[in-house]
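K.L.:
Let chain G serve as the given structure and place chain W on it in line with the hints.
Chains G and W supply the protein sequences, listed in that same order. Per the numbering used here, the very first residue in the first sequence carries number -14; after that it's consecutive. Per the numbering used here, the very first residue in the second sequence carries number 95; after that it's consecutive.
These are computed hints drawn from the structure, not numbers from a lab. Where hints are given, some of them may not hold.
Covered stretches of chain G (in silico footprint by chain W; criterion: 3 or more residues with CB under 8 Å from a CB of chain W, positions within the stretch not fixed) [what the hints assert, rightly or not]:
1) 4 to 17
2) 21 to 29
3) 242 to 252
Simulated DEER-style distance windows between Cβ atoms [as the list claims (entries may be wrong)]:
4) G:Phe15 to W:Arg207: 34 to 42 Å
5) G:Asp148 to W:Thr242: 55 to 63 Å
6) G:Asp259 to W:Thr238: 51 to 59 Å
7) W:Thr242 to G:Val170: 38 to 46 Å
8) W:Thr191 to G:Ile26: 22 to 30 Å
9) W:Arg214 to G:Gln137: 43 to 51 Å
10) W:Leu130 to G:Ala19: 15 to 23 Å
11) W:Asp198 to G:Gly190: 38 to 46 Å
12) G:Asn23 to W:Arg207: 16 to 24 Å
13) G:Glu68 to W:Tyr201: 51 to 59 Å
Computed from the model, here is a short list of chain W residues facing chain G with C-beta under 8 Å [said to hold, decoys possible]:
14) Leu161
15) Met165
16) Thr170
17) Val175
18) Val176
19) Val177
Since the model is a prediction, treat every value here as computed from it, not as a measurement. Think of the CB as a built atom: it goes at the ideal place given N, C-alpha and C, for glycine as much as any other residue.
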Amino acid sequence: MADLNWPRSDRSDDRAQIMLVAGFVLAVTFIALAVMLNSVIYTENLATRGEDAHGSEAIAYRADAVAGTEQLIEYVNENQTEESFDNHVANLTTAIDSMDNGSAPILATGGDRTKVSLMSVTQGTWIGQFNALRDFTSDSGAIDWVLDNDIQGTRSFEINVTDSDELDTTSPFTIRLASVSGADVWTVQIYNQSGTAATTLDVVGGPTCDIGGLNPEINVNAGTVGGESCDGYEFADGISKPYLIEFQNAHNIQGNFSLVINSTNPNSIYYSSDKDTPFADDEAIYAATIHVLHESADHIYATDARAIPGENDA
Amino acid sequence: MRDTGRFGGDERGVSVTVNYILGLTIAFLLVIGLFLTAGDFVTDQRETSIRTEMEVLGEQVANDITLADRMARTTTDNETVVVRRSLPSRVSGSTYTIAVEGGDDPYLVLTSRDPEIEVRAAFANQTDVEMTRLNGGSVQVNYTDSGTLEVQRGDQ
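Just chain W, with the same shape it has in the complex:
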């Protein structure tokens, strides 16, 4: 028998199984830690991207309403005012709704379904705007017969 010190080369009590389980455990801990970190990072980034996207979309629709308002104010009789915009039906994989709220002082509210994130966009208007809610996607702003602006689905 070789003599390499008091414990050197002595593998008694350290079975291969224990060795293997120790290795597995450390690997699992590392991997799970990595998953959690990456998962949180992705979730955070997704929420940020949804918010950013909806802010942009909200500003675009608000711009359309402002434009339709300006156009409507220059009309007299036999008038037609329609402003169309093609928007994505999903933001970062989540569906969303576009709503006009606020009564006499209206503003836009964009809400994503999953995760639920709400973004508001303000606009200036002199023509009354109908309170509506519709799913995301192509929209159009119409000047109605009753002299108000209405945000509708783009295919109407």
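Next up, chain G with everything else stripped away, as it sits in the complex:
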């Protein structure tokens, strides 16, 4: 009888081939799974990385550059009063370049390339008076007088009341803005109601605020008295440009005032060159336009920006 059993010694090595192949295929399958899960982990890792493109920093840089330029404009206006507008612009250009040269290397260490450059400058007039003992009448003594009647904008309008006793309730000191081409009028009165240790900021047809204590510093642009804000106050609300600014009852207030207007036509009969009485420096800088660049490997941000110190105080 033939032997139906294969000789064990010859075939034993061929056994379990299927298992071997199956095991191999399964191993490959699970390796593929591992690789895939790895890519998921990588992607989720990407998701946890910060805000990436330095976009917020770019926006903050723009704001910083504008704030810095505003400071430089104020400095140039207030400390170089005897110079011409062209010299002011040259000084501002130099100062902005210095600011840029100072900040760019610091930001470069974080991988950002930055540049600030001056594009254009708007000429204006700095009007003011620095005399703690004088009222706000014109140099010639007029109690109602127009500071300028062709104004395209007003900024940094500040009053420092040095003696609240001079404020009057019945005929209060009034700042009146009126459109040249229309009937728009915006008026604010400043007085002190007797018996109160506050200064009243009274917008005709608008809010009235008793705030800030006595002898305060008043920011007319922002509507703050001694740092306290007046709710609902909006400077030059509803006034179309150009407009005029007039002081009324200027004998009923005492102290310093300062403003910069976007106009170069102050009425010279009301001014002197002495800062003890109202003066007008029409070689001043009203505003400047700068170009800001903030760039890194993952973003480019460039824009013009307008620097108008004190116009948007709030």
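P.N.:
Chain W only, in chain G's frame:
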């Protein structure tokens, strides 16, 4: 002849061939069962991973659009706004597309080719966003001359 019980030790009628086929069949059944289970598992996991990856990528692009929108809103003249991002060209081995859809209320749609899976990502914007579609990979969000945001390929 040995006597080990009624059938004990009796191998008549059970050929080696039958024995072998029985063994093979059982082994095949087991292996095929294992393949099917493992295959389904891998397929499920792949789809899940593609979806997860595309959700992440979609959120990143949406974040870039939001960022570019914020930057664009602070610009005035002579403006340039570009936000770049390096993304993988494939998700779990599958190519994919990135599209901006939805007209006035846009959103991102990421679609993988094989298997076809669609994922959406919302973003908030005030600047209009152009409707575009591009293959996955590095992208950039540009602020165009016409005052809109556009998602473009990263090498443009």
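K.L.:
Each of the hints needs a verdict: does it hold here or not?
P.N.:
Hints, verified against the model:
Counting residues of the segment 4 to 17 of chain G whose beta carbon lies closer than 8 Å to any beta carbon of chain W gives 7, which meets the minimum of three for the stated coverage. Residues of the segment 21 to 29 of chain G lying with their CB closer than 8 Å to a CB of chain W number 6, which satisfies the three-residue condition for coverage. A stretch counts as covered by a chain when three or more of its residues have a beta carbon under 8 Å from one of that chain; for the segment 242 to 252 of chain G and chain W the count is 0, and the coverage is violated. Take Phe15 (chain G) and Arg207 (chain W): their Cβ atoms lie about 25 Å apart, and the range 34 to 42 Å is violated.
A hinted range of 55 to 63 Å holds for the C-beta pair Asp148 (chain G) and Thr242 (chain W), which are about 58 Å apart. Between Asp259 (chain G) and Thr238 (chain W) the CB atoms are about 55 Å apart, so this pair conforms to the stated range of 51 to 59 Å. About 41 Å separates the C-beta atoms of Thr242 (chain W) and Val170 (chain G), a value consistent with the hinted range of 38 to 46 Å. Here the CB-CB span from Thr191 (chain W) to Ile26 (chain G) is close to 24 Å, well matched to the stated 22 to 30 Å.
In this structure the supplied range 43 to 51 Å holds for Arg214 (chain W) paired with Gln137 (chain G), their Cβ-Cβ distance being about 49 Å. Roughly 20 Å separates the CB atoms of Leu130 (chain W) and Ala19 (chain G), a value that falls within the hinted 15 to 23 Å. Hint check: Asp198 (chain W) to Gly190 (chain G), Cβ distance near 40 Å, so the stated range 38 to 46 Å holds. Restraint check, Asn23 (chain G) to Arg207 (chain W): a C-beta distance of roughly 21 Å satisfies the suggested window 16 to 24 Å.
At about 57 Å, the beta-carbon gap between Glu68 (chain G) and Tyr201 (chain W) stays in the expected band of 51 to 59 Å. Below 8 Å, beta-carbon pairs count as interface contacts, and Leu161 (chain W) has one with chain G at about 4 Å; its hint therefore holds. Nearest Cβ of chain G to the Cβ of Met165 (chain W): about 5 Å, under the 8 Å cut. The hint holds. Because the closest C-beta pair between Thr170 (chain W) and chain G is about 5 Å apart, less than 8 Å, the hint holds.
A hinted interface residue such as Val175 (chain W) counts as satisfied when its beta carbon comes closer than 8 Å to some beta carbon of chain G; here the least separation is about 6 Å, so the hint holds. Taking 8 Å as the C-beta contact cut-off toward chain G, the hint placing Val176 (chain W) at the interface holds, the least distance being around 4 Å. Using the Cβ-Cβ criterion of 8 Å, the hint placing Val177 (chain W) at the interface with chain G is satisfied: the shortest such distance is roughly 5 Å.
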